[in-house]
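There are 2 protein chains.
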Amino acid sequence: MAQDARLAGRILGTLSGRQRTEALLAISKELEKTKNTIMAANEQDVAEAAAAGLAGPLLQRLKLSDKTFRYMTDRLIAVASLPDPLGAITKGHTRPSGLRVQRVSVPLGVVGIIYESRPNVTTDAAAVCIKSGNAVILRGGSEALRTNRLLADIMAGAAIKAGLPEKAVQIVKTADRAAVGELLQQERLIDVIIPRGGKSLIERISAESRIPVIKHYDGICHQYIAADADIDMAVVISVNSKCEKVEVCNTLETLLIDDGAVQRVLPAVATALKAQGVELRGCPRARAVTDMEPANEADWTAEYLSPILSIKVVDGIDAAIEHINNYGSGHTDGIITASIDMAERFVAGVDSASVMVNASTRLSGGGDYGLGAVVGISTDKLHARGPVGPEELTTYKWVAYGQGHLRN
Amino acid sequence: MAQDARLAGRILGTLSGRQRTEALLAISKELEKTKNTIMAANEQDVAEAAAAGLAGPLLQRLKLSDKTFRYMTDRLIAVASLPDPLGAITKGHTRPSGLRVQRVSVPLGVVGIIYESRPNVTTDAAAVCIKSGNAVILRGGSEALRTNRLLADIMAGAAIKAGLPEKAVQIVKTADRAAVGELLQQERLIDVIIPRGGKSLIERISAESRIPVIKHYDGICHQYIAADADIDMAVVISVNSKCEKVEVCNTLETLLIDDGAVQRVLPAVATALKAQGVELRGCPRARAVTDMEPANEADWTAEYLSPILSIKVVDGIDAAIEHINNYGSGHTDGIITASIDMAERFVAGVDSASVMVNASTRLSGGGDYGLGAVVGISTDKLHARGPVGPEELTTYKWVAYGQGHLRN
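If you read the sequences in order, they're chains A and B.
Per the working numbering, the first sequence runs over residues 1 to 408.
Per the working numbering, the second sequence runs over residues 1001 to 1408.
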């Protein structure tokens, strides 16, 4: 598979942007046409998983609804409409000798995506890879095998009909775990591995892989309510950051509140959060102002992914920045303030992939940043940081044009 | 050291471009002032290494000449004069909701450089790191310990006097190998490791490191002489690519010559190379035209770093591209042709960090690309490919400015 992918990637990388865009539109249409078959396969997967004891949010994630299906085909069109990430001349100059030097964006080559049950990753990942001229090897969760295989086969068929090379889109068709182990050894044939799933999956893959891994670790996200924060804004942003969806990586996990704002703002914020059913766990100074459970040291590094929020009172912006850099995960952190100076100090000081000023942490991500679809949110600093879309799946080559230029 | 570096990096990253530039100029001046002391320390290192049996090119690399010294101080000034790589807004837009989203370049944080004997790496690496707002931990070869320690101390002193935080520039002051092992475990405190040296050093560090490594592997560089190549250009580019300096990574190791050019061009090229003392090893078809040693399979993957060149006759440009992608190391590969079509097919098809059109492979690199100084030439595809200068030691953060923006 990896060898086939390498060859497919070489061809795919030389196709025009128009060819790649038209393939994505053709895939979207083909999925629409075969919707009933896909939904039927998914029902079988869901029934089997339910019989095997899968339940609650995991079963929910496996299930394709009409809405999810529409979302999948729409994202293919959204990715198709993005500007071509290939062939961008991102640097260029003519040297004193007349040598013309250019830095040009090109595909990475072959991308491996290893993910858990959500079937829309299959279509999102394939779309982002095709857009960026990369061949892709997909490996989804075993519960969704039937759905994912069918999605991948339909996409591959439509892609070939649209002029893309065979094997540009491939899926591992066995649930055997050893297949992943073998995949991770192909460092000559696969250029990057992107795991999407829980922390244990990512740690296991990073430890085992000989191929570079773009990691997507946890989001221990903060909002810092500065001393001058507007009370209404503090309330709505805290509630939206925490409650809009609790089980995702950019949801709020710790609220930092400045000592100068705590008496004025905390009671209203706490009341609004409790009204949404959020359990609050606070430091002693927060508990002195509003009734809540006590927080212990483990709460500052917890990614709850559930309706729990830790609250800490801090003495000034430097203490807030220090807390975030020490306890956070560098995913998404925000400040609520009316002051330009505070905002700029916070943006400069917080070492995170996304920094929000007067905005919900839930707004960090490919969709809200206007990147179309993404294959993950990187918490690494190298190569890609934050949303990983088509542009982040490119590298570049340097091209020098001479007329017999020599080194002296 | 790593903890100190992390704190220093946090401060360094918030200084202005002017402060970082002025520190580099101050360091250059301070080195000039203390030149005699540095040269004396270096003489001691050289004498000790010679007594211990070090000889030839290794001893040569250790020795600071007036020319090397001038080169070191000049490079500091060259790096100082580069545009600031920090604070560049590399992407930005206002979303339909009014949320303003920006992608801004920021330092990586802490960079670890592990290198062999050449002392100018000490100043080059520190310059590139300071320019890009990164704290640096240097670990040079044990033979150059006295020179490197002195250089690092002088640089650190001048940097502090110029307003940079303490510990922005640090050097490991022990020759103990265990120190490197410990350094490579500090993945929370060091953001990237850049090894500079032989393949075995790089492999050992990559295997051991928990920190991401930017690798600088071998250069198995090619020139492909197309059927239509100008004979004079083929001669001068081949000779310069191979002979200008044989022991460096962008020197020519394999010459591919098109079947349509072999009778016309090979005799002149071979004569010119032999006149420079280069040993030629050819495939049977090359040997049928010009007298040379036979090449075996191992020659196609050899990085000679010496006056030896392998020569292979290929049938057309696709065969040339395939040979390069299969046997090369993705470092630097060139084509000699008069045809736009050939040049564009070669540039698109060859999967290498640098592709040269009618120019010597020796022209690939930071200096000739106008990047000032570099800390290495990456053969990786992720993050940095080709020369690693100040811009390549940055990452970015996404900053979103709202006025109470929520996710719906």
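Simulated from the structure, these hints should not be mistaken for laboratory data.
Glycine included, every Cβ here is placed at the ideal spot set by N, Cα and C.
Fair warning: there could be bad hints in the mix.
[Said to hold, decoys possible] Between beta-carbon pairs, the in silico distance windows are:
| id | chain 1 | residue 1 | chain 2 | residue 2 | range |
| --- | --- | --- | --- | --- | --- |
| 1 | A | GLY98 | B | ASN1296 | 36 to 42 Å |
| 2 | A | LEU7 | B | ILE1077 | 45 to 51 Å |
| 3 | A | SER65 | B | THR1094 | 29 to 35 Å |
| 4 | A | GLU32 | B | GLY1017 | 47 to 53 Å |
| 5 | A | LYS67 | B | GLU1208 | 18 to 24 Å |
| 6 | B | ILE1077 | A | PRO57 | 41 to 47 Å |
| 7 | B | GLY1367 | A | THR90 | 17 to 23 Å |
| 8 | A | GLY404 | B | ASP1066 | 45 to 51 Å |
| 9 | A | LYS33 | B | THR1301 | 46 to 52 Å |
| 10 | A | GLU208 | B | GLY1017 | 53 to 59 Å |
| 11 | A | SER65 | B | GLU1182 | 49 to 55 Å |
| 12 | B | GLN1263 | A | GLY404 | 39 to 45 Å |
| 13 | B | THR1301 | A | LEU7 | 45 to 51 Å |
Checked hints:
{"no.": "1", "hint": "A:GLY98 <-> B:ASN1296: 36 to 42 Å", "in the structure": "40 Å, holds"}
{"no.": "2", "hint": "A:LEU7 <-> B:ILE1077: 45 to 51 Å", "in the structure": "48 Å, holds"}
{"no.": "3", "hint": "A:SER65 <-> B:THR1094: 29 to 35 Å", "in the structure": "32 Å, holds"}
{"no.": "4", "hint": "A:GLU32 <-> B:GLY1017: 47 to 53 Å", "in the structure": "52 Å, holds"}
{"no.": "5", "hint": "A:LYS67 <-> B:GLU1208: 18 to 24 Å", "in the structure": "49 Å, violated"}
{"no.": "6", "hint": "B:ILE1077 <-> A:PRO57: 41 to 47 Å", "in the structure": "59 Å, violated"}
{"no.": "7", "hint": "B:GLY1367 <-> A:THR90: 17 to 23 Å", "in the structure": "20 Å, holds"}
{"no.": "8", "hint": "A:GLY404 <-> B:ASP1066: 45 to 51 Å", "in the structure": "33 Å, violated"}
{"no.": "9", "hint": "A:LYS33 <-> B:THR1301: 46 to 52 Å", "in the structure": "49 Å, holds"}
{"no.": "10", "hint": "A:GLU208 <-> B:GLY1017: 53 to 59 Å", "in the structure": "42 Å, violated"}
{"no.": "11", "hint": "A:SER65 <-> B:GLU1182: 49 to 55 Å", "in the structure": "52 Å, holds"}
{"no.": "12", "hint": "B:GLN1263 <-> A:GLY404: 39 to 45 Å", "in the structure": "22 Å, violated"}
{"no.": "13", "hint": "B:THR1301 <-> A:LEU7: 45 to 51 Å", "in the structure": "20 Å, violated"}
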